[in-house]
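Enquirer: To convert a position in the sequence shown, counted from 1, into our numbering, add 9.
Hints were generated in silico from the structure; no laboratory data involved.
Some hints could be false.
Claimed, not checked - If you anchor each label on the Cβ, the simulated ranges turn out as follows: (1) Q155 <-> V200: 20 to 26 angstroms; (2) W27 <-> C157: 32 to 38 angstroms; (3) G82 <-> R31: 23 to 29 angstroms; (4) N160 <-> S19: 27 to 33 angstroms; (5) G108 <-> H67: 21 to 27 angstroms; (6) N58 <-> L213: 41 to 47 angstroms; (7) L213 <-> D85: 37 to 43 angstroms; (8) Q23 <-> V200: 45 to 51 angstroms; (9) V201 <-> W27: 37 to 43 angstroms; (10) A15 <-> K192: 44 to 50 angstroms; (11) A15 <-> P217: 47 to 53 angstroms; (12) P11 <-> H194: 19 to 25 angstroms; (13) I181 <-> N160: 18 to 24 angstroms; (14) L213 <-> D175: 18 to 24 angstroms.
Every residue, glycine too, gets a C-beta built ideally from N, C-alpha and C.
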Amino acid sequence: EPATLAYIESVWAQFLPWFHSRVVHIGGDEVNSGNGGSVSIAEQVDYQNRLGQFLGSHRKSVEVWGNTIKFAGALDRSFVIQRWHTWNDADPVNWGKLGFEWTQSSDTWYIVPTEYGLQGGSAALYEDWSHDPQNNPGPYAPRGGQICVWNDHGNRDYNYRDTVNDLLKDAIPAAGQTFWRGKAHADDGHVVSYALLRKRAKTLQYGPDVTMFKNDPL
10 EPATLAYIES VWAQFLPWFH SRVVHIGGDE VNSGNGGSVS IAEQVDYQNR
60 LGQFLGSHRK SVEVWGNTIK FAGALDRSFV IQRWHTWNDA DPVNWGKLGF
110 EWTQSSDTWY IVPTEYGLQG GSAALYEDWS HDPQNNPGPY APRGGQICVW
160 NDHGNRDYNY RDTVNDLLKD AIPAAGQTFW RGKAHADDGH VVSYALLRKR
210 AKTLQYGPDV TMFKNDPL
């Protein structure tokens, strides 16, 4: 409905002064008919593009979820894509080759308060970064990655210290290494194992003068 976009724009106009970041995220996943909804992909892309134009007029860059390659043809190329598909999904796509800036945010890295948490642990995050052909260095590589924290389908008490912190803190060293630099390499060129990298992280902890986790070290 045309009135929907006008209403959402009025909400953004009210809250945009709160956002100091130049980038705002407008979502866009799990909406269209391909995900069981009643909105077509064409309608959704048109809505996102129009909302993006509005936000652009307020000097904001827009980030969206890279839900499916079916979006790519008509989606505004100024959008930054947050790609959540894992590399061996049925619908793999390198958004860089399609003209987008993008970040990798694999769903296997999600921090969710369930019995599995980060699937495979931080070592899997470190290993999977180079296993995904979309993450290889080059002109189409992602500009980095992001770990997401969700509280959906939680089957444990969702509190900071015992749930989120315990799951997130172990992923930080692997994420920092892979998202900023890729896998670590020794002087002779061979890849440093995550087991060794983990020992270094244990020594360094969370950084100079960080005392927040002094009683809860890596």
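Enquirer: Could you run down the list of hints and mark each one as holding or not?
Expert: Tested hints:
1. At roughly 23 angstroms, the beta carbons of Q155 and V200 sit within the given window of 20 to 26 angstroms.
2. Checking the proposed 32 to 38 angstroms range against W27 and C157 shows it is violated: the Cβ atoms sit about 22 angstroms from each other.
3. For the hinted restraint 23 to 29 angstroms between G82 and R31, the CB-CB distance of approximately 27 angstroms keeps it satisfied.
4. Take N160 and S19: their Cβ atoms lie about 28 angstroms apart, and the range 27 to 33 angstroms holds.
5. At roughly 23 angstroms, the beta carbons of G108 and H67 sit within the given window of 21 to 27 angstroms.
6. For N58 and L213, the hinted distance range of 41 to 47 angstroms is satisfied, since their beta carbons lie about 44 angstroms from each other.
7. Look at L213 against D85: about 41 angstroms separates their beta carbons, and that is inside 37 to 43 angstroms.
8. With their beta carbons about 50 angstroms apart, Q23 and V200 fall inside the hinted range of 45 to 51 angstroms.
9. V201 and W27 have their C-beta atoms about 42 angstroms apart, which keeps the hinted 37 to 43 angstroms range intact.
10. For A15 paired with K192, a C-beta distance near 48 angstroms keeps the hint of 44 to 50 angstroms intact.
11. One distance hint, 47 to 53 angstroms for the beta-carbon pair A15 and P217, holds here, with the actual separation near 50 angstroms.
12. The beta-carbon spacing between P11 and H194, approximately 54 angstroms, falls outside the hinted interval of 19 to 25 angstroms.
13. Distance hint for I181 and N160: a CB-CB separation of about 19 angstroms, consistent with the stated range 18 to 24 angstroms.
14. At about 19 angstroms, the CB distance of L213 to D175 agrees with the hint of 18 to 24 angstroms.
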